[in-house]
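The chain contents come next:
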Amino acid sequence: MISPVTHPATDSHVTGNRLYDLIVELFPICRSITGNGVRQSLQILQQHIPLTVHEVASGTQVFDWTVPKEWNIRDAYIKNAKGEKIVDFKNSTLHVLNYSTPVHKKMSFAELKLHLFTLPSQPSLIPYRTSYYTENWGFCLSHNQYLAMTEEEEYEVCIDSSLENGHLTYGEYLITGETPDEVLISCHICHPSLCNDNLSGISIATLLAKELSSLSLRYSYRFLFIPGTIGSITWLALHEQSAFNIKHGLVTTLLGNQGNFTYKRSRRGNTEIDQVVEFLLTNTGKEHTIIDFFPYGYDERQYCSPGFNLPVGCLMRTPHGQFPEYHTSADNLDFVQAPYLQEAFSLFWTIIQTLEHNRTYLNLAPKCEPQLGKRGLYKAISGEADSKSREMAMLWLLNMSDGEHSLLDIASKSAIEVETLKKVADVLVQHQLLQQLP
Amino acid sequence: MISPVTHPATDSHVTGNRLYDLIVELFPICRSITGNGVRQSLQILQQHIPLTVHEVASGTQVFDWTVPKEWNIRDAYIKNAKGEKIVDFKNSTLHVLNYSTPVHKKMSFAELKLHLFTLPSQPSLIPYRTSYYTENWGFCLSHNQYLAMTEEEEYEVCIDSSLENGHLTYGEYLITGETPDEVLISCHICHPSLCNDNLSGISIATLLAKELSSLSLRYSYRFLFIPGTIGSITWLALHEQSAFNIKHGLVTTLLGNQGNFTYKRSRRGNTEIDQVVEFLLTNTGKEHTIIDFFPYGYDERQYCSPGFNLPVGCLMRTPHGQFPEYHTSADNLDFVQAPYLQEAFSLFWTIIQTLEHNRTYLNLAPKCEPQLGKRGLYKAISGEADSKSREMAMLWLLNMSDGEHSLLDIASKSAIEVETLKKVADVLVQHQLLQQLP
Amino acid sequence: MISPVTHPATDSHVTGNRLYDLIVELFPICRSITGNGVRQSLQILQQHIPLTVHEVASGTQVFDWTVPKEWNIRDAYIKNAKGEKIVDFKNSTLHVLNYSTPVHKKMSFAELKLHLFTLPSQPSLIPYRTSYYTENWGFCLSHNQYLAMTEEEEYEVCIDSSLENGHLTYGEYLITGETPDEVLISCHICHPSLCNDNLSGISIATLLAKELSSLSLRYSYRFLFIPGTIGSITWLALHEQSAFNIKHGLVTTLLGNQGNFTYKRSRRGNTEIDQVVEFLLTNTGKEHTIIDFFPYGYDERQYCSPGFNLPVGCLMRTPHGQFPEYHTSADNLDFVQAPYLQEAFSLFWTIIQTLEHNRTYLNLAPKCEPQLGKRGLYKAISGEADSKSREMAMLWLLNMSDGEHSLLDIASKSAIEVETLKKVADVLVQHQLLQQLP
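Protein chains in written order, with our numbering: chain A, 942 to 1379; chain B, 942 to 1379; chain C, 942 to 1379.
Chain A extracted, bound-state conformation (with noise of 0.2 Å):
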């Protein structure tokens, strides 16, 4: 086995300009719930990671729902009376209202007006709006364009799109560790040309799903690249079952801005992947939030509804509709940077890697404290600039291995971190003093 160890974050391969690069490739693509634009996304995943892309048809009942026709876009503008595009997907795939029905004819301002979504607090951003479960069309443009469009105007108004039976596609990667036990990594793929709100996710999600394919792991991976709320209610109904083995779980999205981490708990509230995630944070120093769950925000939603009540909670950044740019063209490759992606990239390994080694062991020798000296265990890292800590972990490592903590735990109380207390456990177990219990 190729413990993680030897991989830490520092040393990953994954810089924060790959992550980057990859949400450049990604950013263009009209993407939905449905339609080619997932399946063009997730074929660039591909040249990442071998995916598997499924299909599911419409009409399908997933629970209480049933998903839908496919919708596919190809053009679609606004030209004046002078048959100039005033208004033009190619400029923007935020200009059509996501699945929107297509339309094309002459109307009069009044008309089309009622079709019309604008921001007139950020009168230069083009809102991002859908219309997934109520059919309708329309457009969305800055509040400038509009105010630049007049009354007695005509106006030709083209939605080269189509709703119809088809499927909803999904992305799925499975790294399979030593057990059954599964860490979900959930990322929703539905959002247009949106950089933060879904593409610094994929792109964190794809790359740390590949540095992971090449170690040996204790636990499974499971990534999942979804249309948000209907993807996951899909894929929780087709693996109703299967779906209890995931043991611990994140749903990665809005990683690529300034904001500080933030951190939304499962609804249990207190499971092992929260206090990872917790302890990490609090460890970093630095300013970040930790919330209570909540039913609303992404796919945590569905993996936390009662009926499932899985231990995932969400990490992000800033959190959706607290920062200006969300939802709007501003969230575009500007918005996001290299350097914020590398640093949730790298928590996010971390918090893997603690995962991976927290394990609970068992003192063999534990009445009254081994004599660590005539073993050599001082000497035998003395060498090492922090031997200092490497004998506290030892004394905590025995003192706390009662079969009842855990090294997150034994890291809680004696702030020595779980990389740490995992090099001095292996030492102790090589000599005999410690067992790990399965």
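Everything hinted at is true.
Copies of the same chain look alike in the list, so a pair counts if it fits in one copy or across any two.
Here are the simulated DSS-like pairs of lysine-lysine, each with C-alpha atoms no more than 25 Å apart in a straight line:
#1 K1046 / K1023
#2 K1046 / K1020
#3 K1315 / K1364
#4 K1315 / K1010
#5 K1188 / K1308
It is worth saying that the hints were derived from the structure and are not from the lab.
The hints should help you fit chains B and C onto chain A, whose structure is shown.
Relative to the frame of chain A, chains B and C by itself:
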């Protein structure tokens, strides 16, 4: 069933003025732990609610206590050498040491002053003093009155009272609800002309009972109008088994002045009534105080004795002994005010609403969120100004209704008030998404 | 039974001066983990208490350890080329590296300096150094002495010591109480001429034992005077089963300087001894520190190893390593002072009183309050200045004595001290209102 929801506090017919007027009517009566003052007071309350008046004979053994002799008083005064009444019971019922034995004779000041009680630090106020269980007589007067008396003068003292076998009198009113589980509202009726310390509680309890009497209710409501200590001991001794029907209870007193609310927890400390009151006080956003139970104060001492340990707290404003008017003639009709009485009434009303509504539900579609849109559930309420919070209420209810969280639990987590949750739960029950648990 | 109540801390015959005088007597002796220095010290203690001296042969296996060879020393010095003693064991027992093997030869400074230990940052102080488990010899001296030596000079070094099969010696004194449940007081006796670090603990333990020996006690009290680490390991190995009779315990050391008290919790963290010490320290109103258990420090490391996990904390003033005099010649007779020793003794005395008194009672009249007045219970104590607090103590005792709250629990809730509660409980027991539970 006419749900209390349709009678929210703000719609109650009870105004601060009505609460105040009842206090005005009760104020002149000389109450004590027994006697005609209590009977006369209960007769006034019977004009509002059909309460039953119970008479318990002197000498009745009630646990470790014995119901005392009945005390009645007709007149009392001190005359100076000129025959002028310098202290006159007709001016204030406080002038007589409550439970004074009869006396009528002339005596020197030296002898008399052993029976005089004043407040040197508040020289214009008459103190309130009692001697229930040690036979004695005395007068309470302002220190200014006392200073006007002369050492050499002979005084005529008269207390035209009787202390004889008779009865302890208390009032009781039970409103029968759907279940035999009871909510107890208990107030003491043994203080003479004191407004905040006991009349405020009596007035609120009476009009609360009157309002509730016209409603169909989940719980049964027991209102007790009893003399302090011996009254609750007597009631508990006579209802040793049925006392355990009390599932929630409040002792009510000290509610008419401008002080912030104070809630003294039940002995158990975290029962439903404790949670409800604390939640509502916190939700007011106004300053208030929560204090742990301590075995001193009002009749909660008896309800919370270890052999009963009933879930009964005490809701008041400024606690006893912590305001200068306490147990003096300054606790009068100027000290209590209609707006404070009304605010306190509203709080009790909301507490009862919350208890009535605090049900637990089971999500019947617990795997992932149900699709609310296809049921028109968003639309059903979209006309309402608070539709956004109603949608959040739906998500909270669905997510938390695993059978282990009451509406109050959900309210505490979501900061959505119980009344809103109840309304939304009713809608979800109609759509067979929730089921109310018994 | 003469209750310790009649011997409150302030009445104890033990004065700070007596505690200090015992330190003066023990100070000159060169103690170590074995040898005649320990025997000589224990003989001095035997003048105060009839402790048993145990001898455990070198080579005895004690869990993972082996009792080492016995070390004795008669003299040691370094002479310069002129034959002058420039370092002399007779001036300070610290001058010799503790457990030095014998040596007597002339050598160059280059060779000698590998065996010299100084404190460059505290140049006037002699450090205290040991080498118990690695054979070595050496001298400890002030850095000023070191700087006065010359590179070119030849030195004569002599350590007249022996390291041979012999015994490990420790002292033990058991005061048998009503029950076999034991309170352990453990102090280390292996440090040579150091006052705060070990003599303060030895002195307090000795005179505490002496005071207790004349009392009838509920608990049995075991006093251990042992070498650090190997001593507690030896005792635990020889008493592997009976060690579990220890129900409460304290390691005593570092009690003679002016620092605030520090309490290091037992590994379990919330045992009765932890509660008692924390309650009493909080009640002093003086600054103090409570720290969680950590597996480093004194013999609590062994008592709290996971195979024993005994309820043993460590009570000290400024912790080891946190004052500049620690393990230097400045931890001398000037550093510890009689008033600090006396205050520490009083704290131990009060801890023991509290343990002795911390009973649980059952209210025999648990339904409502009993009528105290008719029993003259108010009167019985009304002559005392603190009668009001006695009455409150009665109410608290009656209310909380449901069999699940000890006097300490009641003290914590009521802020009434345990001693007062005990006195009042005795009265209530006499009146058959409370019954002491076994």
